[in-house]
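Under the numbering used here, think of the first position of the sequence shown as 28, with each following residue one higher.
Hints in this document: simulated from the structure, not taken from any laboratory.
Beta carbons: idealized from backbone N, C-alpha and C, even for Gly.
Incorrect hints may appear among the rest.
As the list claims (entries may be wrong) - Using 20 Å as the maximum straight-line C-alpha spacing, the simulated EDC-like pairs for lysine to aspartate or glutamate come out as follows: (1) K104 to E80; (2) K64 to E127; (3) K49 to E147.
Said to hold, decoys possible - Restraint ranges, calculated between C-beta atoms of paired labels, are given here: (4) G144 to T53: 25 to 35 Å; (5) E60 to G97: 29 to 39 Å; (6) G81 to K57: 10 to 20 Å; (7) D76 to T141: 15 to 25 Å; (8) I87 to G129: 28 to 38 Å; (9) E80 to K49: 31 to 41 Å; (10) K49 to G81: 31 to 41 Å; (11) K49 to Q106: 26 to 36 Å; (12) G144 to G97: 29 to 39 Å; (13) N79 to K49: 26 to 36 Å; (14) N88 to T53: 17 to 27 Å.
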Amino acid sequence: MKKLVWLIATVLLLAACGSTDKAFETVDLKDIEALQKKGALVMDVREVDEYNEGHMVSAINMPLSQLQNGERAGLDKDQKYVIVCRSGSRSRTASGILFEEGYDVINVSEGMSTWLGPVE
């Protein structure tokens with residue numbers, strides 16, 4: 028009986044270790060330019076007023092509040108999105124929401140508060 032319990036426990040442990048759960052990728056700000064060159068679009072999930080104060084060149088604005096309310100107008104599941112916010116917190120939340128719905132997303136660990144590149 029003990030052998031059976033150990034066998035079952037071992038099988039369960041090995042199954043858990045071999046899990047293929049996927050998660051979205053997280054990168055640093057320095058990686059954004061290379062991702063854009065490969066066709067990724069930057070999605071800024073800050074609120075409209077924050078975005079209008081200055082955002083990465085060519086970034087689209089889709090506030091986290093709109094994503095949380097189900098807004099997806101203009102988004103394409105075949106497009107790769109690099110998700111950015113002010114500090115990295117909202118982008119992580121937005122990346123999780125979109126990833127769970129099948130969007131191809133990459134979260135940026137930092138945000139506009141440390142961005143030194145050009146803004147518009």
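Consistency of the hints with the structure:
Restraint check for K104 and E80: not satisfied, since their Cα atoms lie roughly 28 Å apart, outside the 20 Å limit. Between K64 and E127, the direct Cα distance comes to roughly 25 Å. Violation of the 20 Å bound is thereby established for this hinted pair. Taken as a hint, the K49 and E147 pair is broken in the structure, with Cα atoms around 34 Å apart against an allowance of 20 Å. Taking the beta carbon of each, G144 and T53 are about 19 Å apart, not inside 25 to 35 Å as hinted.
Take E60 and G97: their Cβ atoms lie about 31 Å apart, and the range 29 to 39 Å holds. Checked against the hint of 10 to 20 Å, the C-beta distance between G81 and K57 comes to roughly 19 Å, which is consistent with it. For the pair D76 and T141, the supplied restraint of 15 to 25 Å holds, since their beta-carbon distance comes to about 20 Å. The hinted window of 28 to 38 Å between I87 and G129 is violated, with their beta carbons roughly 19 Å apart.
Restraint check, E80 to K49: a C-beta distance of roughly 35 Å satisfies the suggested window 31 to 41 Å. At roughly 33 Å, the beta carbons of K49 and G81 sit within the given window of 31 to 41 Å. As the Cβ distance of K49 to Q106 is approximately 18 Å, the hint placing it in 26 to 36 Å is violated. A hinted range of 29 to 39 Å for the beta carbons of G144 and G97 is consistent with their spacing of about 31 Å.
Under the hint 26 to 36 Å, the C-beta atoms of N79 and K49, about 34 Å apart, fit the expected range. In this structure the hint that N88 and T53 lie 17 to 27 Å apart at CB holds, the actual value being about 21 Å.
Violated hints, listed in ascending order, are 1, 2, 3, 4, 8 and 11; each of the other numbered hints is respected by the structure.
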